[in-house]
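S.K.: Each chain, letter by letter, is given below.
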Amino acid sequence: AQTVTQSQPEMSVQEAETVTLSCTYDTSENNYYLFWYKQPPSRQMILVIRQEAYKQQNATENRFSVNFQKAAKSFSLKISDSQLGDTAMYFCAPRLAGKLIFGQGTTLQVKP
Amino acid sequence: DAMVIQNPRYQVTQFGKPVTLSCSQTLNHNVMYWYQQKSSQAPKLLFHYYDKDFNNEADTPDNFQSRRPNTSFCFLDIRSPGLGDAAMYLCATSRQTSGVYHTQYFGPGTRLTVL
Numbered sequence: 001a002q003t004v005t006q007s008q009p010e011m012s013v014q015e016a017e018t019v020t021l022s023c024t025y026d027t028s029e030n031n032y033y034l035f036w037y038k039q040p041p042s043r044q045m046i047l048v049i050r051q052e053a054y055k056q057q058n059a060t061e062n063r064f065s066v067n068f069q070k071a072a073k074s075f076s077l078k079i080s081d082s083q084l085g086d087t088a089m090y091f092c093a094p095r096l097a098g099k100l101i102f103g104q105g106t107t108l109q110v111k112p
Numbered sequence: 001d002a003m004v005i006q007n008p009r010y011q012v013t014q015f016g017k018p019v020t021l022s023c024s025q026t027l028n029h030n031v032m033y034w035y036q037q038k039s040s041q042a043p044k045l046l047f048h049y050y051d052k053d054f055n056n057e058a059d060t061p062d063n064f065q066s067r068r069p070n071t072s073f074c075f076l077d078i079r080s081p082g083l084g085d086a087a088m089y090l091c092a093t094s095r096q097t098s099g100v101y102h103t104q105y106f107g108p109g110t111r112l113t114v115l
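Those protein sequence lines, which keep their order, are chains B and E.
Mind the numbering: the first sequence is residues 1 to 112 in this note's numbering, read in order.
Mind the numbering: the second sequence is residues 1 to 115 in this note's numbering, read in order.
Quick caveat, the hints were computed from the structure, so don't treat them as lab data.
On a predicted model such as this, the values are computed, not experimentally measured, just so you know.
Some hints could be false.
Straight-line distance between alpha carbons at most 30 Å, and here's what the computed DSS-like set of lysine-lysine pairs gives [what the hints assert, rightly or not]: (1) E/K44 to B/K99; (2) B/K78 to B/K111; (3) B/K99 to E/K38; (4) B/K55 to B/K73; (5) B/K70 to E/K44; (6) B/K55 to B/K78.
Work out the full structure, taking the sequences as your base and the hints as a guide.
M.R.: Next comes the structure, spelled out in structure tokens:
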């Protein structure tokens with residue numbers, strides 16, 4: 001069975017600081033896609049960043065970047081210069097066996 | 001703006017009374033998904049349509065059905081809601097072409113309360 005583990009149920013960070021959310025997964029697939037989604041309290045799930053497993057270069061979107069270690073099956077999300085609006089639940093979701101497999105989520109609180 | 005729309009945003013129903021949730025999209029995506037998300041948990045895929053082809057997850061209860069009358073619309077029918085079906089229901093869409101998978105985009109969700 002495909003599994004995704006986010007080992008940090010809750011995290012907090014001071015505004016303007018950097019935080020890293022971890023994610024590991026299990027798969028025997030070689031080519032796949034990985035995603036981080038953000039779900040603010042009572043609001044819509046939105047895409048943060050996407051990575052293709054065949055690409056060695058780590059994806060970056062403004063203040064968000066990933067550290068993708070394919071051999072280790074690790075896909076962490078780094079948020080730089082944290083902002084209050086980054087407060088949300090973050091889900092790691094690799095696409096495995098033809099569907100998104102969501103981790104249990106990390107609740108991130110950005111403190112002023 | 002192209003988007004995924006879900007109606008209603010909040011739905012209250014009675015135990016055992018059928019309810020229908022709707023999803024529409026202006027993205028012209030060929031794949032539509034329904035997820036169930038309970039409080040502070042990860043979304044759980046119920047089923048999806050690849051064009052007109054319906055794909056049910058093995059552990060989705062028979063109580064849950066879906067219809068996709070055209071590309072733009074998809075409905076989730078809960079035939080006899082139980083208290084355990086109270087949750088947020090998320091609709092998502094994606095464009096999938098041969099060998100290439102594209103990002104899923106989510107609607108705002110419908111929060112279902114069962115009394």
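S.K.: All the hints need checking, so say for each whether the structure fits it.
M.R.: Hints, verified against the model:
{"no.": "1", "hint": "E/K44 to B/K99", "result": "11 Å, holds"}
{"no.": "2", "hint": "B/K78 to B/K111", "result": "17 Å, holds"}
{"no.": "3", "hint": "B/K99 to E/K38", "result": "19 Å, holds"}
{"no.": "4", "hint": "B/K55 to B/K73", "result": "14 Å, holds"}
{"no.": "5", "hint": "B/K70 to E/K44", "result": "25 Å, holds"}
{"no.": "6", "hint": "B/K55 to B/K78", "result": "18 Å, holds"}
Hint compliance for this structure: no hint is broken.
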